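J.: Following the hints, position chains B and C against chain A.
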Amino acid sequence: MSAQRFRRIVQLSRLKRLTPIALCLCAIELTTSGCSQGVLAPVGPVADGERLILLDALGIMLLIAVPTILATLWFAWWFRASNRAALYRPDWAYSDKLEVLVWAIPALVVLFLGGVAWIGSHQLDPARPLESSVRPLEVQVVSLDWRWLFIYPEQHIATINRLVIPVGAPVHFRITSSSVMNVFFVPRIGSEIYAMNGMATQLNLLARDIGQFPGLSAQFSGDGFSDMTFNTDVVSEKGFHDFVVGAGASPNRLDAAAYLSLSRQSRSAEVKLFSKVANGMFDDIVSRHLPPGSGPEPSALSILPR
Amino acid sequence: MFGRLTWQAIPWSEPIPLIAAGVVGLGLAAIVAWVFAKGYAPYIWKEWITSVDHKRIGVMYCLLALVMLLRGFSDAVMMRSQQVLAFHGGGYLPPDHYNQIFSAHGTIMIFFVAMPFVIGLMNFVVPLQLGIRDVAFPTLNSVSFWLTAAGALLVNISLVVGEFARTGWLPYPPLSELQYSPGVGVDYYLWSLQISGAGTLLSGINLVTTAMLLLDRYLGFHFFTNEMGGNPMMFVNLIWVWGHPEVYILVLPAFGVFSEVISTFSGKPLFGYRSMVAATMAICVLSWLVWLHHFFTMGAGADVNGFFGIMTMIIAVPTGVKVYNWLFTMYGGKVRFEPPMLWSIGFMVTFVIGGMTGVLMAVPPADFVLHNSLFLVAHFHNVIIGGVLFGAFAGYNYWFPKAFGFRLDEKWGRRAFWLWFVGFYTAFMPLYVLGLLGMTRRMQHFDRPEWYPWVLVAAAGAGLITLGICAQVIQLAVSIRDRALLRDITGDPWDGRTLEWATASPPPAFNFAVMPNVKGEEPYWGMKTKARELAHLLTAEPSYQPISVPRNTATGVVTAFFAVVIGFAMIWRIYWLAGIGFIGVYAAFVVFAWRDRSEEEIPAAEVARRDRENRLVRTSALAKGA
Amino acid sequence: MSAVSSFSPVDPNHLGHNDLSRETEWDTPGRGEGGPASKSVIVSYGFWIFLLSDIVMFSAFFASFQVVAGNANGAAPRFDLSNLAVETGCLLLSSFLCGMASLCANRRRLFGTEIFLLLTGILGAVFLTLEIREFVGLIQQHQGPADGAYYSAFFALVGCHGLHVTVGLLWLGTMMAQIAAKGLRPDMLRRLTCFSLFWHALDIVWVAIFSLVYLMRFAP
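Protein sequence lines, in the order shown, are assigned to chains A, B and C.
Position one of the first sequence corresponds to residue 70 (this note's numbering), numbered consecutively onward.
Position one of the second sequence corresponds to residue 153 (this note's numbering), numbered consecutively onward.
Position one of the third sequence corresponds to residue 163 (this note's numbering), numbered consecutively onward.
Bound conformation, chain A alone (with noise of 0.2 Å):
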């Protein structure tokens, strides 16, 4: 739901006999429009696995979760002081049907949902590849401060802050950072990874629909951090391949030099494409071949917080 309903909603109850229903109308749309974007709503197997996870780990807490909140609630007025028709027993504090009831439902559902951990987290590794008679992409992901840099090694171009990927087919991730720690994290299509500087870590996902998702950083980085948001435009595979001849015939090269300057602190977002990656970037990044960004710039080195 959007701000601008919210707000006009807001203002109609201001009328004080439609609050009631404003406030039910939007209890509905924020929940509905909660299962529409985000975690609860993926767009590819491995959003769809994690979401189910977390579906079915909620709904067995719940079972115990409800009825002990319930019990507390209920045992605490009933017993309350004042009535008469609840028995006292001062002398109560030990049960060995209830020692064995607490300790044995809590080490049964946990038993289960260890299985699931164990299991869930094999079957979900972000490193393990996925099933899919179609060839994967490969995909690797610099995080600077404070953009993202997509390389197309096979394509041989690059983009800033924006990741095109096509419809059905598994994508490879190869991610590092050019300085501090981050997280790669695309909601709707699945698993976070931490992007660490000096070492690559591997992520694999696959979009099964068209449409645009966004994508943001999830480890704190600095100043720029909220501004490190890019979107995932999932396209058609003419869409794909349109994407790649657009970008190779960018102007914009992406070198050595080219990656020093992007490397240095920079707040602007924009995105950019890049037509000539040079070979083997990825791997200079990761190897610090290419040295890792400087962090503020001097003139900032003083105690001033600016």
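Since the hints were derived computationally from the structure, they do not count as laboratory data.
A hint or two may mislead.
Unchecked claim - Listed next, the stretches of chain B that the computed footprint assigns to chain A, with coverage defined by at least 3 CB atoms under 8 Å from CB atoms of chain A:
hint, segment
1, 374-384
2, 468-478
3, 517-531
Quick caveat: nothing in here was measured; it's all calculated off a predicted structure.
All residues carry an ideal CB built from backbone N, CA and C; glycine is no exception.
T.: Just chains B and C now, kept in the frame of chain A:
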């Protein structure tokens, strides 16, 4: 001469910290002036600042916690309001400010609110419950408190001289290394934690990890730097090996408070005492085996992730057992709903929800989409506020009459509870939704429209909590005003079951004239029950002896003063001043060590007078059938 | 329902160790002697707990050293093993002499205590001098703490131990002055016990250091 310190360290161009500092400074000056004008200064120095009495130190810890709660909560209000105003805009706090504010919020709440609160309650109550005179090392107790206060002072100085860390409350490298955080902010954080950490001697791990980051920043070491073989992942592992047990350090004392309060206000002994103890010990051990769940997404692989996920879930079992024990303590009881019990019932409901979401995130694939999101933020606030803070408030209301001799006003206590309770849910349930909608933590601005309504609701919740805090301040003011009416005459206002309720309110310095003989699990309840049956006190008046109590000493406050000097000097690289600080600390210890008398005697007549008062009050209460 | 009227429900979980129907007032039901222990026991016990926390701290430095040494991209320096042997000998001997000082103190022999403490201190100072010389040498060969993670970990771990020795020597000197001024009072004896514990613990940590860091040489 002054290292990197210049006049530009003061944020002349930023109104918010300047005004805040001005208000606080004026307030402090006013309080100090009032104290001196009224002639209270000698009393404050002798009875509080240099006191080594566990009761006094406990009260000071809780006071520190409550004052820092105001500071930490102001940070929270600023964060919420910034997010409301920063939808498709910049809000009113630029990133470098906002980043300091959320870093300060977390640091202050964990190290200078939650820790001091539980330590303060423990300090006050445990020796009384054990029937002894004081803790084993009273001067060390005082030094620990003052070093904690020194750390808190440094954090607050950073508001006005320099800056605070901009890295979050756990400063992950490489961001926290000198290269990416060249200012003094991270140094303020590190020194304030080293100093207060030395005070609490938290497990050496936190000390060491902090020391390693200091070595990197000050002496060019390479523990966690990007180059030269440093390993930022090692920081993450080390800090969370400390960090997870730390949250259990916070919550287990709160559990203790609830055990006391729930059994007292249900009129029954604690249910399943032995399994409570077993559960606590299980939690203690298990808490060392779960740390990786804080970074499932760092790529350790399925086996490692699976192991730590399962271990994390296993901790939920003893925790659940405790909840059921409290539940069955109420069963068959006579439940009274005074404020401490309200906080306890509120805790039971809230903590179950928070624990549930924790187990949810303990499943690694679920964490893969929830790590570092507002879902996580909602979870830990759920358990820390619902667990630690509610426990602290329950303990505060419960033991206030014992510490000060009069109860807290009940009406405002209820209001405070309900405002906090409703405010908490209003503020944090939307954060669960936001996490599921893909919003990550620590965002200074955002532009996704579907997030906006929830951010608004969360801000409203913060507003309700603000009212709750106001209600608590009013409660205190009203209680002080009406203290004659609220006086705790017998020393046992709640019909308590443990030994602290056998003393007068407030207890004399020596706690017990004769150390009581403890029988069974609830010694005081047994004594009282028998006394009620006989309608007179169980023991005859003892022959009073003089009692030795530890002497006051200024060692704590002087050490802390020099510790602040050291910290401040090191932060600004004024090395000669740091040297003076070290010499000062050494000198303080030598002066302390050189004294010939470490105890002073309370004469038998005084012991007799205090004890007879207590006995008289209780005898007349028994005669009246109380 | 009326309240309880008998004495027994106070121990529903049977935590007490003896028969509660015995009403003798001044019996202590637990396994202890009744009331807190003596001061010397409490002080030593507390100091042990401090030592445990110190050992946790050293463990963290050891763990970091293991991690970093395993990944080191520079060779571990060629340590001068004869220097190491002399350092170790000094420290071990100083521990023995510290033990002698304790024995003299227990017999209230002030002069003997002071002499042995002095010798302990001298050997400790020799240890420190050798260690500082080693550190300076490494730094001059560009194998100092700012020259790579392995050296950072080495200097931090060994340096932390050296810092503890330094503080120990300061403590030792102060106490020698105190004992001279005040004699072997009970509180002085308690402090000497704490110092001995501290000094011996440093010895144990040193054994771990020279085994793991100097002799086993983790780097490739």
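J.: Each hint should be assessed against the structure and marked as holding or not.
T.: Status of each hint after checking the structure:
no. : hint    : verdict
1   : 374-384 : holds (count 3)
2   : 468-478 : holds (count 7)
3   : 517-531 : holds (count 8)
Against the hints set out earlier in the document, no violation occurs for any number.
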